[in-house]
Amino acid sequence: MKTDLSHLRADFPILSRLIHDRPLVFLDSAASSQKPVQVLDAMDDLYRSRYGNVYRGAYTLSEESTMAYESARSTVARFIGTSPNQVAFTRGATSALNSVAYGWGLNHLGQGDTIVLTLMEHHANVVPWQMVARYTGARLAYTPFTADYRMDLDAFEGLVDGARVVAITGMSNVLGTIPPVAEMAAMASASGALVVVDAAQLVPHVPVDVDRIGADFLAFSGHKMLGPTGIGVLWGRMERFEEMEPYEGGGEMISDVQLESSTWASIPHRFEAGTPPFVEAVGLAAAMDYLDSIGMQTVAAHDQELTTLALERLAEIPGLTIYGPGNATDRGGVISFTMEGIHPHDIATILDGEGIAIRAGHHCARPLARTIGAPATARVSFYVYNVPADVDALVAGLHKARKLFDVT
Amino acid sequence: MSLEDLYRQVILDHYRSPRNQGHIDGCDAHGEGQNPLCGDEISLDLAINDDTITGVAITGQGCSISQASASMMSEAIKGKTLGEVTDLIHRFRRMMDVEQGDDGLDPARPGSVLGDLEALQGVRKFPVRIKCASLPWTTLEQALETR
Numbered sequence: 001m002k003t004d005l006s007h008l009r010a011d012f013p014i015l016s017r018l019i020h021d022r023p024l025v026f027l028d029s030a031a032s033s034q035k036p037v038q039v040l041d042a043m044d045d046l047y048r049s050r051y052g053n054v055y056r057g058a059y060t061l062s063e064e065s066t067m068a069y070e071s072a073r074s075t076v077a078r079f080i081g082t083s084p085n086q087v088a089f090t091r092g093a094t095s096a097l098n099s100v101a102y103g104w105g106l107n108h109l110g111q112g113d114t115i116v117l118t119l120m121e122h123h124a125n126v127v128p129w130q131m132v133a134r135y136t137g138a139r140l141a142y143t144p145f146t147a148d149y150r151m152d153l154d155a156f157e158g159l160v161d162g163a164r165v166v167a168i169t170g171m172s173n174v175l176g177t178i179p180p181v182a183e184m185a186a187m188a189s190a191s192g193a194l195v196v197v198d199a200a201q202l203v204p205h206v207p208v209d210v211d212r213i214g215a216d217f218l219a220f221s222g223h224k225m226l227g228p229t230g231i232g233v234l235w236g237r238m239e240r241f242e243e244m245e246p247y248e249g250g251g252e253m254i255s256d257v258q259l260e261s262s263t264w265a266s267i268p269h270r271f272e273a274g275t276p277p278f279v280e281a282v283g284l285a286a287a288m289d290y291l292d293s294i295g296m297q298t299v300a301a302h303d304q305e306l307t308t309l310a311l312e313r314l315a316e317i318p319g320l321t322i323y324g325p326g327n328a329t330d331r332g333g334v335i336s337f338t339m340e341g342i343h344p345h346d347i348a349t350i351l352d353g354e355g356i357a358i359r360a361g362h363h364c365a366r367p368l369a370r371t372i373g374a375p376a377t378a379r380v381s382f383y384v385y386n387v388p389a390d391v392d393a394l395v396a397g398l399h400k401a402r403k404l405f406d407v408t
Numbered sequence: 001m002s003l004e005d006l007y008r009q010v011i012l013d014h015y016r017s018p019r020n021q022g023h024i025d026g027c028d029a030h031g032e033g034q035n036p037l038c039g040d041e042i043s044l045d046l047a048i049n050d051d052t053i054t055g056v057a058i059t060g061q062g063c064s065i066s067q068a069s070a071s072m073m074s075e076a077i078k079g080k081t082l083g084e085v086t087d088l089i090h091r092f093r094r095m096m097d098v099e100q101g102d103d104g105l106d107p108a109r110p111g112s113v114l115g116d117l118e119a120l121q122g123v124r125k126f127p128v129r130i131k132c133a134s135l136p137w138t139t140l141e142q143a144l145e146t147r
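Those protein sequences? They're chains E and B, same order as listed. Quick note: the first sequence, position 185, residue 185 per this note's numbering, numbers continuous. Quick note: the second sequence, position 68, residue 68 per this note's numbering, numbers continuous.
These aren't lab readings, by the way, just hints derived from the structure by calculation. On a predicted model such as this, the values are computed, not experimentally measured, just so you know. Among the hints, erroneous ones may be present.
As the list claims (entries may be wrong) - Short, incomplete list of chain E residues facing chain B, as computed with Cβ under 7 Å:
(1) Gly-57
(2) Ala-58
(3) His-345
(4) Ile-350
(5) His-362
(6) Pro-375
(7) Ala-376
(8) Leu-404
(9) Thr-408
Even for Gly, the Cβ is constructed at its ideal location relative to N, Cα and C.
Let the sequences and hints guide you as you build the complete structure.
So, in structure tokens, the structure goes:
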């Protein structure tokens, strides 16, 4: 490993926990990451000393909270290379994707229109589109992937012709595949489609400049990138935001309310109905500052080195099948696998006995699970606090599982 | 709680060589269960004569706990009357600690009357796996209710 980030581990209190008397080896950051003290302190400080509802009060605490919230918006904008008024805070990537599906889709889609998805999507970028398709009469088309788990661009080119919406993942939460989203966005835009990117796995792990991707909307969550739960971001191109109706109505998203109708506040506030998760936004900004202090290039390189190491080591285990690209190029730090003779849930339980936390199941991507023919897989995923010793522990745990199940 | 308590040899044996696999043509009761969280699946066919379960056939896929539980269940209910099976279902629930009762069972070993199935008692120390062990039993209950 050229990139040594082991000094960061001291920032994560949970990493000193023992699980079944063993030091915790946390390999499930793709589901949700752990939090550094810098994030916990930023939120704690706001709750303890500056807390008041945002925008509503002409008093000091409210003003301070409002400033902290808007400052968080600026931090997010800087982190993804955009301006603050193109950053709408949401409850997470799921609510961001729903707000596009409903807020844009319901008002622009009609009978027979095509929504192009991919077979790699997380349910969060499938189910909202299914619901909107049901309301509007639009139809869904799925982009397949190739035998080496890369996006099938030839098929995609055929599908996007005439499509109204193209909703694609920035990085698969099961395969680790990072599709060429910029290239795909360009192909889709050329045919006039709205391009939506589910970047829940991408933004935490790879430097992202939204202008380079060229999408219309991009969604991600805070909790997968060292931030708290309950906060996410919807970035949008301004002219597309203007085409979109608010998905939720309520306080703070209006400019005026009459008895029969209302007019909307400015963008992005019209997409933030109700008291927003402003403490969580401040936590997310602290997480982004933390990632910035490491450098996202370094974060990506570290992921890639651990992934390369893990792919090599896992290949040594007999009967183990990996579902995903065979090397770390254009691939994130997510490795899904099965083992002959041991079900993924049993693998997860046995590893937990060793203090190792991994995910087992369909990872909220059942269409993908059916496509690869593995209804359940075991999945490990890496982040900044993981070290090569975690891969050693994983491999030792898998050998122990084989022994316990008497697999030869 | 050690892993050896969860993965007893008898469980692994039933997982590797599940009993009563297959289907029954023209079965008298049929149930299907799945655990959407982890994708465990059970399909259960029963042949019932008078008041007695005379045939059991199971297909399914999933973890060792769900599939071993199904295999053991198939052996336990074959030849039993419906009343005895209902009693067995309650006792299994008691063993998994998902149901209370004052039926005089030893609280430390509520599974002691269940034969091979007692090997699954270790599962209750692993709360997330209780659903796996219980899946065949809820499927059985559903099959009997809807027949």
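Practice item. Run the structure past the numbered hints and jot down the numbers of the failing ones, going up. Key: Violated: hints 1, 2, 9.
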